[in-house]
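Engineer: Sequence:
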Amino acid sequence: MTGIRLTAPAPGWSIEADVVVVGSGVAGLTTALRCAAAGLATVVVTKARLDDGSTRWAQGGIAAALGEGDTPEQHLDDTLVAGAGLCDETAVRTLVTEGPGAVRRLIGTGARFDTNDSGAIALTREGGHHRRRIAHAGGDATGAEISRALVGAVRAAALRIIENALVLDLLTDAEGRTAGVTLHVMGEGQHDGVGAVHAPAVVLATGGMGQVFSSTTNPPVSTGDGVALALRAGAEVSDLEFVQFHPTVLFLGADREGQQPLVSEAVRGEGAHLVDAEGTRFMLGQHELAELAPRDVVAKAIIRQMHLHGTEHMYLDARHFGAAMWERRFPTILAACRAHGIDPVTEPVPVAPAAHHASGGVRTDLRGRTTVPGLYACGETACTGVHGANRLASNSLLEGLVFAERIADDIVAAGPGERPVPAPRGAGDPAPVPLLAAESRTEIQRIMTRGAGVIRSAEGLAAAAGQLEELRRTAEAAGEEPGAAKDAVPGVEAWEATNLLLVSRVLVAAARQREETRGCHWREDRPDRDDTEWRRHIIVRTAPGRQPAVSRTDTAAFPPVRPAGRAEAAAPSTPNHPADAPQEPQP
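Going by our numbering, the first residue of the sequence shown is number 1, and it counts up by one from there.
Where hints are given, some of them may not hold.
[As the list claims (entries may be wrong)] Computed list of lysine to aspartate or glutamate pairs in EDC-like fashion (alpha-carbon distance at most 16 Å, straight line):
| id | residue 1 | residue 2 |
| --- | --- | --- |
| 1 | Lys-300 | Asp-276 |
| 2 | Lys-300 | Glu-476 |
| 3 | Lys-300 | Glu-524 |
[As the list claims (entries may be wrong)] Pairwise CB distance ranges, derived in the manner of DEER restraints:
| id | residue 1 | residue 2 | range |
| --- | --- | --- | --- |
| 4 | Asp-525 | Val-421 | 33 to 39 Å |
| 5 | Pro-9 | Glu-347 | 49 to 55 Å |
| 6 | Thr-311 | Arg-49 | 35 to 41 Å |
| 7 | Met-325 | Ala-549 | 51 to 57 Å |
| 8 | Met-325 | Ser-118 | 49 to 55 Å |
| 9 | Gly-271 | Gly-12 | 38 to 44 Å |
| 10 | Thr-311 | Asp-530 | 28 to 34 Å |
| 11 | Gly-39 | Ala-324 | 49 to 55 Å |
| 12 | Glu-347 | Gly-176 | 55 to 61 Å |
| 13 | Met-186 | Gly-271 | 24 to 30 Å |
Hint data in this document are derived by calculation from the structure and do not stem from the laboratory.
Every residue, glycine too, gets a C-beta built ideally from N, C-alpha and C.
Using the sequences and the hints, build the whole thing.
Structural biologist: So this is what it looks like as structure tokens:
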């Protein structure tokens, strides 16, 4: 354990639990419901309101082999191709074989997906999929429907919920096992200020870190809090350099920053075309799937066309859909476009890539266990090996669902156990991490967008690394001179900025290490994919001196994680999860 923690007041209150789940998206709420159903005292901690996470922003849908003629093996093949040689095949097989059942259980929870005239689930296609296997709800409001169903189930189950709470750091006992978390409740509810939830199992389901970039589809709460907490706790992260930039985000101007409206890949799945200003389709001949190529291929093609034409965006043309189809199939996107003065029914939609999804995260095994005993990670916070170098469209909701069930089953199998006692802070512990001033958030985003955005180079990454290090040194110097940075006092904005700095430094360190182009990591100075040297995973942890310690694996396989504390008693494989063991290819 590193002993590294944020600068924060000591907890003024505490509650006890068997498991604390941090996050209220599909991953967090699925885990919590399953743990609570087994009788475990479960607490859900969420940064805003219960339904304000990233899940509700998902438009396209959830991918699973549910259609006639489709099979998990075909879904696996598409996922492996999109992942550009870095997917863990066993993890992918786990996802695609357990996925259909997990979706049906989600329906049993109350989620209502769109159906066709015969009453079967309506399925569409997205980039990288050779079959229609994307289930959707409300046309293009799938995430909102899933969130509605899970939030309703959580409230009906009367789980203990702490809303408006930013998680700060992991608590551990004298042996280094998880003992809970510290958190700050933002002035509402039963608790206020900094407190603690004591529990022997902590599940990080805090979503992504898209706010490290100036333009993103992620909501403002996506500041990488779970990954930052895990890094300070000594956990390993992997594949953080693989940030997926969604190809078709509504372009509102080069100076627009923050969360931008997404134009779902499902629009292309239903037949929309990518065109330049003259109306010429430029994806034809670039990939066998044209506009439905994997996202990294499409994003790069758009960027190349922008450079070729000297423009800041391309266009998505779906005028041939007609008003009725737009209103029935994509009402959310239609409303967002019209709110910004663009009518997709009568004109092409200006689009450009923006930061969307982190394929990497806190490294886990197939039961969601990290390298810190008792600490689990799930959803976009985690790196299970499913996505490799580039996530296949609509696999993210499925990953959260499948691995949440596995995490819950692992925790339940171990039983409540004895609740560990958090170790007190000792005289030999490192000094708390100095905080950044709130305005540093914008500076970090601009540094990352310039140096570690869609197109990267050794020069740009080195510049970004130097600028981020200067921010860290400034904060550290201010911490040694009281009053030198009056805004850098404990508070939500300072904690978020400090988390963004940490995950940005680690992302840049990994991107500098990977001297090739693979998936959504595009090095213009290293344009070729190099399987001989770089079909490897880059793993980063925080060294005692608070600098990123970067290493790479010897093969494309992940090394095993240590047994996760209280789950050691659980069998390495259960009948419900046969994919824990390597499997022979299915016929």
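Engineer: Against which earlier hints does the structure fall short, listed by number upward?
Structural biologist: Result: hints 2, 4, 8, 9, 13 break, sorted rising.
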